[in-house]
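Produce the entire structure from the sequences given, and follow the hints as far as they go.
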Amino acid sequence: MHDKQLYEYAVIRVVPKVEREEFLNVGIILFCKKANIVKVKFNIDEPRLNSFTSDLDIDQITRNLDSFVKIGLGLDTGGPIAKFDVPSRFRWLTAERSSVIQTSRPHPGMCD
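Numbering (numbering that gives the first Met the number 0), first residue to last: 0 to 111.
Just so you know, the hints here were simulated from the structure itself, not pulled from any lab data.
Backbone N, C-alpha and C define an ideal beta-carbon position, used for all residues, glycine too.
Each hint should be verified, as a subset may be incorrect.
Here are the in silico distance ranges between beta carbons for each label pair [to be verified]: (1) S53 / K3: 43 to 49 Å; (2) C110 / N49: 32 to 38 Å; (3) R62 / K82: 18 to 24 Å.
In silico DSS-like cross-links for lysine-lysine, where the CA-CA straight-line distance does not exceed 30 Å [as the list claims (entries may be wrong)]: (4) K69 / K16; (5) K69 / K33; (6) K38 / K16; (7) K3 / K82; (8) K3 / K40; (9) K33 / K3; (10) K82 / K32; (11) K69 / K38; (12) K40 / K69; (13) K3 / K69; (14) K3 / K32; (15) K33 / K82; (16) K82 / K38; (17) K32 / K69; (18) K40 / K16; (19) K3 / K38; (20) K82 / K69; (21) K40 / K82.
And the structure:
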């Protein structure tokens, strides 16, 4: 029987108008300390996002989310944050912010 592993995750949200606090979930950040990984996956539903407002720069949001992926993977192209250790990268990605891209607070879980 395998030991269960603790993981943490946070939902990535796009908040088109921060002052209105409306958001669309667009991705997930997954962290497992034992496996030494941070994975970031996202998918932007452009028509749905544009239903909030037509002022969004979808290309910029995509570039920002691509940076989340690079930081999660620890790639050199992810900048100085990508050089942090795995837990620190997850904590940085899930830090509270008042911007168009935000995350939920981290939630724990157990898996095989």
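Results for each hint:
1. The supplied range of 43 to 49 Å is met by S53 and K3, whose beta-carbon atoms lie about 46 Å from each other.
2. For C110 and N49, the Cβ-Cβ distance of about 35 Å falls inside the hinted range of 32 to 38 Å, so the restraint holds.
3. The supplied range of 18 to 24 Å is met by R62 and K82, whose beta-carbon atoms lie about 20 Å from each other.
4. About 26 Å separates the Cα atoms of K69 and K16, which keeps this hinted pair within 30 Å; it holds.
5. A C-alpha spacing of about 20 Å is found between K69 and K33, which places the hinted pair at or below 30 Å, so the restraint holds.
6. Simply put, K38 and K16 have alpha-carbon atoms about 27 Å apart, close enough for the 30 Å limit, and the pair holds.
7. With a C-alpha separation of about 28 Å, the suggested pairing of K3 with K82 holds against the 30 Å cut-off.
8. Distance check on the hinted pair: K3 and K40 sit about 23 Å apart at the alpha-carbon level, within 30 Å; holds.
9. A distance of roughly 10 Å separates the Cα atoms of K33 and K3; the hinted pair therefore holds under the 30 Å criterion.
10. This hinted pair checks out: K82 and K32 have alpha carbons roughly 16 Å apart, not beyond 30 Å.
11. For the suggested pair K69 and K38, the alpha carbons sit about 9 Å apart, so the restraint of at most 30 Å is met.
12. For the hint linking K40 to K69, the alpha-carbon distance of about 11 Å falls within 30 Å, and the restraint holds.
13. A C-alpha spacing of about 28 Å is found between K3 and K69, which places the hinted pair at or below 30 Å, so the restraint holds.
14. The straight-line distance between the Cα atoms of K3 and K32 is roughly 12 Å, inside the 30 Å bound, and the hint therefore holds.
15. Under the criterion of a C-alpha separation no larger than 30 Å, the hint pairing K33 with K82 is consistent with the structure, at around 19 Å.
16. For a cut-off of 30 Å, the pair hint linking K82 to K38 stands: about 15 Å separates their Cα positions.
17. Proximity of K32 to K69 is assessed by CA-CA distance (about 18 Å); at most 30 Å being required, the pair is judged to hold.
18. Annotation: proposed proximity of K40 to K16 holds, straight-line Cα distance about 23 Å (limit 30 Å).
19. Pair hint K3 plus K38 holds up; C-alpha atoms about 19 Å apart against a cutoff of 30 Å.
20. In summary, the hint linking K82 to K69 is supported, as the alpha carbons are separated by about 10 Å, within the 30 Å threshold.
21. Between K40 and K82 the CA atoms are separated by roughly 20 Å; this keeps the pair inside 30 Å, and the hint holds.
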